[in-house]
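Number of protein chains: 2
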Amino acid sequence: MDRIERLLPEEIERRSFEIISAELEERGIVLAPDQERITKRVIHTSADFDYARTLTYSAHAVETAERLLLEGACIVTDTNMALAGINKGALAKLQVEARCFMADQTVARLARERGTTRAAVSMELASRLDKPVICAIGNAPTALLALYEMIREGRWRPAFVIGVPVGFVHVEEAKRRMMETDVPYIINRGRKGGSTIAAAICNALLYGLLQKREG
Amino acid sequence: MDRIERLLPEEIERRSFEIISAELEERGIVLAPDQERITKRVIHTSADFDYARTLTYSAHAVETAERLLLEGACIVTDTNMALAGINKGALAKLQVEARCFMADQTVARLARERGTTRAAVSMELASRLDKPVICAIGNAPTALLALYEMIREGRWRPAFVIGVPVGFVHVEEAKRRMMETDVPYIINRGRKGGSTIAAAICNALLYGLLQKREG
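Protein sequence lines correspond, in order, to chains H and L. Each residue of the first sequence is one higher than the one before, starting from 224 at the first, in my numbering. Each residue of the second sequence is one higher than the one before, starting from 224 at the first, in my numbering.
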C-alpha cells in the first residue's frame, strides 16, 4: 500500500482550512469577516459544517473579546477538559490567565450542600475574581443558567460569555436566555457544542491576537 | 420568565439518554446490544446522531476492551484533553491507569528531530509500556498512522484501538487503514471524532464495567 505523505502539523492545518473554505463556498455560505477565523476553527475542530449556520455572535463580539483579553481578562472554563484544550503557549505569550474551578474542594462541597451542579457553583467562584471574566462554557447548561440568574438578579456580570454547552436537557433554553441579556457573547444555537468547541473559540481569539501582533 | 426546574446531573443524564433512545427509534436506528451503551454515550457527548451510523466496532470489540481493562491494560490518549475527560473516579475504582505522553519533553525533542508530530512519537512511548495498551486517539490522524506502521512492520501491536481522530487531511484514510489490521477497534468512519468522543468511549467502557460489578 502506498505510504501516506508525511505532513507536519502546520501543513495539515493549512490544507484543512483550505478544504473548509472551499466547502463553505460550495455550500454558498459567506461568513462575516470578523467571525470567519473563529467559525472556521470550530469547523476544523469538529468537522461539522452545522456550526457555520448556528454559531451566533453578539454585535462586535470578536472585537470585544479581543479587547478584553488584551486588557487582562481571565478565561474561566466549566471543565478541566476545555482548560486542557486552550493553547498554553498562546496564553503565555499574551499573558492571559485561564482557570477552571471544577476540581476545587469548595465547589464540590457547596454543590452537595445546595443540591446543584459543580459547574453552577464554579461560576460563583468565577464571580469573585478581581478582574473581568470571559466565561467559556462547553459542557454544563447549569453553568450558563447560573450565569443568567446572577446577571438577572444583578449579582454579577461576566464580561463575555462563550456559550457552547452540548446536550439534550435545558441546553437550548439556557443558550436562548443568555442571548437575551446584554452580555456580549459567542453562542452556538441548538444542542451542539462541547469542551473542544469552547477551547477552539478561545484559541481562535488568542491566535487572532498573536497574528495581529506578529504580523 | 419562568424558572427552569433545577435538575441534578444524574437526572439530566437520565433524561438525556431517554431522549436519545426515543430519537434513535424515530430514525429507525437499532443499535447492537453490546454497542448501544457506548454509541449512546457518544451521541450524549456530541448531540450528533451521525455517530449512530458511523461508529464502527470490530467483532466482539466491547467484550475485548472490557476484558483488557479488567486484566490491567493501560489507556494511552493522544491529547491531554482526552485524558482530562476520562472519569478519574471510575479509573480509580477499577484500578485502570490512563496516560498521555504529549507533554513529555522527549516527545517534543524527537518530533522536532524527525520532522514528525508529537502525537506520532507519543505512540512510540506507548509501545514501550510493559502492559497491554488501549490507544485512544481523538485528535491526530498521525498517531493512528504511526500505529498502523508499527503494526504493519511488526514492531508493536496495541491491544486495542479507539480511533476517532477528527479532521480533513489523512483522517479518513488513517481510519480505513487501521480497520484493515487485525487489532480490535472502535473507530468512527468519516471525518468526525474528537477528544471528547475518545473520552466518552473510554468512560462508557469504564461505566459498563462498574455497572456490572455493582449490580
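The hints are simulated quantities; they were obtained by calculation from the structure and are not laboratory data. A couple of the hints might just be wrong.
List of simulated lysine-lysine pairs, DSBU-like, C-alpha gap at most 35 Å [stated by the list, open to error]: (1) L/Lys316 <-> L/Lys435; (2) L/Lys311 <-> H/Lys263; (3) L/Lys354 <-> L/Lys263; (4) H/Lys311 <-> L/Lys263; (5) L/Lys263 <-> H/Lys263; (6) L/Lys354 <-> H/Lys311; (7) L/Lys354 <-> L/Lys311; (8) H/Lys354 <-> L/Lys311; (9) H/Lys435 <-> H/Lys311; (10) H/Lys354 <-> H/Lys435; (11) L/Lys311 <-> L/Lys263; (12) L/Lys316 <-> H/Lys316; (13) L/Lys311 <-> H/Lys311; (14) H/Lys316 <-> H/Lys435; (15) L/Lys354 <-> L/Lys316; (16) L/Lys354 <-> L/Lys435; (17) L/Lys435 <-> H/Lys311; (18) H/Lys316 <-> H/Lys263; (19) L/Lys311 <-> L/Lys435; (20) H/Lys354 <-> H/Lys263; (21) H/Lys354 <-> H/Lys316; (22) H/Lys435 <-> H/Lys263; (23) L/Lys435 <-> L/Lys263; (24) L/Lys263 <-> L/Lys316.
Comparing the hints with the structure gives:
For the suggested pair L/Lys316 and L/Lys435, the alpha carbons sit about 13 Å apart, so the restraint of at most 35 Å is met. Between L/Lys311 and H/Lys263, the direct Cα distance comes to roughly 33 Å. Compliance with the 35 Å bound is thereby established for this hinted pair. Distance hint between L/Lys354 and L/Lys263 is fulfilled; the C-alpha atoms sit about 30 Å from each other, no more than 35 Å. Of the supplied pair hints, the one linking H/Lys311 and L/Lys263 holds, its CA atoms being roughly 33 Å apart against a limit of 35 Å.
For the hint linking L/Lys263 to H/Lys263, the alpha-carbon distance of about 28 Å falls within 35 Å, and the restraint holds. Between L/Lys354 and H/Lys311, the direct Cα distance comes to roughly 31 Å. Compliance with the 35 Å bound is thereby established for this hinted pair. A threshold of 35 Å between alpha carbons decides the hint, and for L/Lys354 with L/Lys311 the separation of about 20 Å falls inside it, so the pair holds. Restraint check for H/Lys354 and L/Lys311: satisfied, since their Cα atoms lie roughly 31 Å apart, inside the 35 Å limit.
About 18 Å separates the Cα atoms of H/Lys435 and H/Lys311, which keeps this hinted pair within 35 Å; it holds. Restraint check for H/Lys354 and H/Lys435: the C-alpha separation of about 24 Å stays at or below 35 Å, so the hint holds. Between L/Lys311 and L/Lys263, the direct Cα distance comes to roughly 21 Å. Compliance with the 35 Å bound is thereby established for this hinted pair. With a C-alpha separation of about 39 Å, the suggested pairing of L/Lys316 with H/Lys316 is violated against the 35 Å cut-off.
Pair hint L/Lys311 plus H/Lys311 holds up; C-alpha atoms about 23 Å apart against a cutoff of 35 Å. Distance check on the hinted pair: H/Lys316 and H/Lys435 sit about 13 Å apart at the alpha-carbon level, within 35 Å; holds. As the CA atoms of L/Lys354 and L/Lys316 are separated by approximately 19 Å, the hinted pair is consistent with the 35 Å bound. The hinted pair formed by L/Lys354 and L/Lys435 meets the criterion: a straight-line CA distance of about 24 Å does not exceed 35 Å.
Restraint check for L/Lys435 and H/Lys311: not satisfied, since their Cα atoms lie roughly 40 Å apart, outside the 35 Å limit. A C-alpha spacing of about 23 Å is found between H/Lys316 and H/Lys263, which places the hinted pair at or below 35 Å, so the restraint holds. With a C-alpha separation of about 18 Å, the suggested pair L/Lys311 and L/Lys435 falls inside the 35 Å cut-off, and the hint holds. Between H/Lys354 and H/Lys263 the CA atoms are separated by roughly 30 Å; this keeps the pair inside 35 Å, and the hint holds.
Distance check on the hinted pair: H/Lys354 and H/Lys316 sit about 19 Å apart at the alpha-carbon level, within 35 Å; holds. Taken as a hint, the H/Lys435 and H/Lys263 pair is honoured in the structure, with Cα atoms around 18 Å apart against an allowance of 35 Å. Restraint check for L/Lys435 and L/Lys263: satisfied, since their Cα atoms lie roughly 18 Å apart, inside the 35 Å limit. Restraint check for L/Lys263 and L/Lys316: satisfied, since their Cα atoms lie roughly 23 Å apart, inside the 35 Å limit.
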